[in-house]
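*Asks:* Taken in sequence, the protein lines are chains A and B.
In terms of the working numbering, the first sequence opens at residue 1 and continues consecutively.
In terms of the working numbering, the second sequence opens at residue 1 and continues consecutively.
Accuracy of the hints is not assured; some may be wrong.
Some chain B residues flagged as far from chain A (calculated, every beta-carbon gap over 10 Å) [as the list claims (entries may be wrong)]:
1) 25
2) 139
3) 179
4) 203
5) 206
6) 228
7) 230
8) 282
9) 286
10) 291
11) 294
Pair by pair, the computed Cβ-Cβ distance ranges are [claimed, not checked]:
12) A/71 x B/116: 52 to 60 Å
13) B/191 x A/238: 34 to 42 Å
14) B/191 x A/339: 23 to 31 Å
15) B/104 x A/71: 51 to 59 Å
16) B/146 x A/54: 43 to 51 Å
17) A/109 x B/162: 48 to 56 Å
18) B/288 x A/111: 43 to 51 Å
Hints are computed from structural coordinates only; laboratory data are not their basis.
Every residue gets a Cβ at the ideal spot worked out from N, C-alpha and C, and that includes glycine.
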Amino acid sequence: MGFLDIDRVTKSFGGLKVLHETDISVEEGEFLVLVGPSGCGKSTLLNMIAGLEEVSSGQIVINGRSMNGVKPADRNIAMVFQSYALYPNMTVRGNISFGMEMHGIPKKEREKKIAEVAELLQISQLLDRKPGQLSGGQRQRVAMGRALTRDPDVFLFDEPLSNLDAKLRVDMRTEIKKLHQKLGTTIVYVTHDQIEALTLSTRIAVMYGGYVQQIGTPQEIYDNPANLFVAGFMGSPSMNLFPARIVSANGAPAAEISLSDGRSAVLPFAGRDGTGEEGREITLGIRPEAITEPDGADRKSRAVHVVDSRVEITEPAGSDIFVVTQMGGKDVTARFSADVPVKPGEDFQFAINMEKAVAFDPKTEARII
Amino acid sequence: MPAPTANAVTARTGEPSATGATRAGIHWPRVALYVILGLFCIYYLLPLYVMLVNSLKPLSEITAGGMMALPGEWTIAPWQSAWSTAQVGVEATGLRPYFINSLLMVVPAVAITTVIGALNGYVLTKWRFRGATLVFGLLLFGCFIPFQMVLIPMARMLGLMGIAGTVTGLVFVHMVYGIGFSTLYFRNYYAAFPDELVRAAQIDGAGFFTIFWRILLPSSGPIAVVCIIWLFTNIWNDFLFGASFSDFDSQPMTVALNNLVQSSTGVKEYNVHFAGAIMAALPTLFVYIVAGRYFVRGLMSGSVKG
Ligand SMILES: Nc1ncnc2c1ncn2[C@@H]1O[C@H](COP(=O)(O)OP(=O)(O)OP(=O)(O)O)[C@@H](O)[C@H]1O
Ligand SMILES: [Mg+2]
Numbered sequence: 001m002g003f004l005d006i007d008r009v010t011k012s013f014g015g016l017k018v019l020h021e022t023d024i025s026v027e028e029g030e031f032l033v034l035v036g037p038s039g040c041g042k043s044t045l046l047n048m049i050a051g052l053e054e055v056s057s058g059q060i061v062i063n064g065r066s067m068n069g070v071k072p073a074d075r076n077i078a079m080v081f082q083s084y085a086l087y088p089n090m091t092v093r094g095n096i097s098f099g100m101e102m103h104g105i106p107k108k109e110r111e112k113k114i115a116e117v118a119e120l121l122q123i124s125q126l127l128d129r130k131p132g133q134l135s136g137g138q139r140q141r142v143a144m145g146r147a148l149t150r151d152p153d154v155f156l157f158d159e160p161l162s163n164l165d166a167k168l169r170v171d172m173r174t175e176i177k178k179l180h181q182k183l184g185t186t187i188v189y190v191t192h193d194q195i196e197a198l199t200l201s202t203r204i205a206v207m208y209g210g211y212v213q214q215i216g217t218p219q220e221i222y223d224n225p226a227n228l229f230v231a232g233f234m235g236s237p238s239m240n241l242f243p244a245r246i247v248s249a250n251g252a253p254a255a256e257i258s259l260s261d262g263r264s265a266v267l268p269f270a271g272r273d274g275t276g277e278e279g280r281e282i283t284l285g286i287r288p289e290a291i292t293e294p295d296g297a298d299r300k301s302r303a304v305h306v307v308d309s310r311v312e313i314t315e316p317a318g319s320d321i322f323v324v325t326q327m328g329g330k331d332v333t334a335r336f337s338a339d340v341p342v343k344p345g346e347d348f349q350f351a352i353n354m355e356k357a358v359a360f361d362p363k364t365e366a367r368i369i
Numbered sequence: 001m002p003a004p005t006a007n008a009v010t011a012r013t014g015e016p017s018a019t020g021a022t023r024a025g026i027h028w029p030r031v032a033l034y035v036i037l038g039l040f041c042i043y044y045l046l047p048l049y050v051m052l053v054n055s056l057k058p059l060s061e062i063t064a065g066g067m068m069a070l071p072g073e074w075t076i077a078p079w080q081s082a083w084s085t086a087q088v089g090v091e092a093t094g095l096r097p098y099f100i101n102s103l104l105m106v107v108p109a110v111a112i113t114t115v116i117g118a119l120n121g122y123v124l125t126k127w128r129f130r131g132a133t134l135v136f137g138l139l140l141f142g143c144f145i146p147f148q149m150v151l152i153p154m155a156r157m158l159g160l161m162g163i164a165g166t167v168t169g170l171v172f173v174h175m176v177y178g179i180g181f182s183t184l185y186f187r188n189y190y191a192a193f194p195d196e197l198v199r200a201a202q203i204d205g206a207g208f209f210t211i212f213w214r215i216l217l218p219s220s221g222p223i224a225v226v227c228i229i230w231l232f233t234n235i236w237n238d239f240l241f242g243a244s245f246s247d248f249d250s251q252p253m254t255v256a257l258n259n260l261v262q263s264s265t266g267v268k269e270y271n272v273h274f275a276g277a278i279m280a281a282l283p284t285l286f287v288y289i290v291a292g293r294y295f296v297r298g299l300m301s302g303s304v305k306g
């Protein structure tokens, strides 16, 4: 039993099942991020926690209290919306105080709380403006201020940063993280931006097609994706996924991959015993940062293998340079240090860290190694 | 790159006006335009002018010809007569009681119809229920039923309700007809109103009516103006329902004006008729002048912005 329990919850709209049976247990003070592509049911799940949608089956328990049939206002939650949803006819002050007014909090206390929240979010000088006179970032703060007045059990955020420009988004991301550290309130946060998910969360639930694909810490999700979808979705640039075949090398399993000029390379997986699956076709997954120039390879790794391959394209990115080559008939991105003199069209040595490699069944998309 | 483009633009726009203005001293196409606009203005304003000047001169000046001339002897007697002493139908009451009837009819009818339309629009967009689309479709259909078709059933209804031949009856009739339109206006306006606002208010603890009063209505100014002008103009100017469903003592202004013009047995007092006609037109003019500038804005806002 956690602080917020999503217990065998499903949701259907008419005959359409948009959320399949879902179990998530969130501890007090956790920052859970629901991440997934558009239409996967993130908002639907969040709205059910908020009480804006009914659950079709199962139940949601907050702080030991079942929420079935409880109105949004009585759930002791607060929510920040993608469009901020500030009441256009009220001032910032009115917006922040509206919820307290509805809950019958006396005027004196409201004023005190408004001042407190405005101080925290640095919006004191905006209190008498209308939402129409605020910038995107300021609106965002007001929306959070409105949520903060409630001292809620759970904060719900539905893509709160997606309407901001890139720079502001990064700033607000940091502020939300600070806020969480300061207040320690449980947060459920929806986004389709996997960077946001990785940077903000204490735990991530990756969703796709109405199913939760994997739940875990950002590190677990990043290093140990449960299936092909999670592997491909999380990380930027995304994980290289290309066909390979399992062979036996000195009694241990290895991946045989084809290189651009018809040669092939055998890459033993680190610290694995024979699986007896020789000959099985797999999809090999290696993140760009696990394919480097030989000098840049992870020194602690016991399974770095060097292969020669032709460089197709280079994409300088400041401190790094992304180098594209062909493996297993697919474009594969490697991450070199920016000072490596690498040119398109030349052969170059690529060091592959097989400790970080994962493998999936191409048909079921499930994780094998 | 941007600089040359900017130069080219100014050069091109600058050129024709420069040549046009300097060579002839006058910009002829402009002049022609204003002359034509001026002629149209005169064309449209002439009837008003005729009504106004003739309502301010004695009858003898009109019968002597010279409809277009300014009054030789200015008088407001025709206005006084039209307002309080002229023969309307069988009684010499002037138009005053009927003007009051019209006010008593139009104010509640517009107010109630607008509020109900706003409520309907709110429910149809933010609390969608099974069959909401069908209900809206039927309401819309109601807008387009020809007036003549409902005359007899409506007369029977009013009779059954015991409000036949009363101002209340007229208010009811106009409400029934107006709700379709007011609902249409508000529904389209609220459809562009973000659902997330309603959800935020729900989480804040506001109920059905609180959300309506505190959040939707205060943002409905532009569409309310459109709705009020539309309803006011239609209801005030209506003749058919007024003629069909009223008694002598509940007749609206339009019907009374007709009676005034028809009922003079002896000489036709044109000056009094003109004064009466202007009186009948004044309230709609007034509403349009006061609220008109919001009208276009309101019509735009529903469709364009979110
Ligand atoms: N009221 C509704 N009626 C019918 N289907 C709905 C309704 N609301 C959502 N859906 C469907 O449920 C699915 C999940 O929707 P949801 O809004 O939860 O997606 P999401 O993960 O939040 O996507 P996004 O990232 O685009 O916001 C979608 O396929 C959507 O079409
Ligand atoms: Mg969503």
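*Asks:* Taking the hints in turn, state whether each one holds.
*Replies:* These are the hints, each one checked on the structure:
Even its closest Cβ contact with chain A, about 48 Å, leaves residue 25 of chain B beyond 10 Å, as expected for a residue assigned away from the interface. Even its closest Cβ contact with chain A, about 25 Å, leaves residue 139 of chain B beyond 10 Å, as expected for a residue assigned away from the interface. Remark: the non-interface label on residue 179 of chain B is consistent with the geometry, its nearest Cβ contact in chain A lying 25 Å away (cut-off 10 Å). Distance check for residue 203 of chain B against chain A: the nearest CB is about 5 Å away, which does not clear 10 Å, and the non-interface claim fails.
In this structure residue 206 of chain B is not separated from chain A by more than 10 Å, as the shortest Cβ-Cβ distance comes to only about 5 Å. Residue-level check passed: residue 228 of chain B sits 19 Å from the nearest beta carbon of chain A, beyond 10 Å. Taking the minimum C-beta to C-beta distance to chain A, about 23 Å, the non-interface status of residue 230 of chain B holds against the 10 Å cut. Listed as outside the interface, residue 282 of chain B is consistent with that label: its C-beta sits roughly 33 Å from the nearest C-beta of chain A, beyond the 10 Å cut-off.
Remark: the non-interface label on residue 286 of chain B is consistent with the geometry, its nearest Cβ contact in chain A lying 28 Å away (cut-off 10 Å). For residue 291 of chain B, the shortest C-beta to C-beta distance to chain A comes to about 19 Å, beyond the 10 Å cut-off, and the non-interface label holds. Every CB of chain A is more than 10 Å from the CB of residue 294 of chain B (nearest about 16 Å), matching its label as outside the interface. One distance hint, 52 to 60 Å for the beta-carbon pair residue 71 of chain A and residue 116 of chain B, is violated here, with the actual separation near 27 Å.
The supplied range of 34 to 42 Å is met by residue 191 of chain B and residue 238 of chain A, whose beta-carbon atoms lie about 39 Å from each other. Distance hint check for residue 191 of chain B and residue 339 of chain A: the Cβ-Cβ separation is about 58 Å, which falls outside the suggested range of 23 to 31 Å. Taken as a hint, the range 51 to 59 Å is violated for the pair residue 104 of chain B and residue 71 of chain A, whose Cβ atoms sit roughly 43 Å apart. Distance hint check for residue 146 of chain B and residue 54 of chain A: the Cβ-Cβ separation is about 45 Å, which falls inside the suggested range of 43 to 51 Å.
The hinted window of 48 to 56 Å between residue 109 of chain A and residue 162 of chain B holds, with their beta carbons roughly 54 Å apart. Here the CB-CB span from residue 288 of chain B to residue 111 of chain A is close to 44 Å, well matched to the stated 43 to 51 Å.
Hint compliance for this structure: hints 4, 5, 12, 14, 15 are broken, all remaining hints hold.
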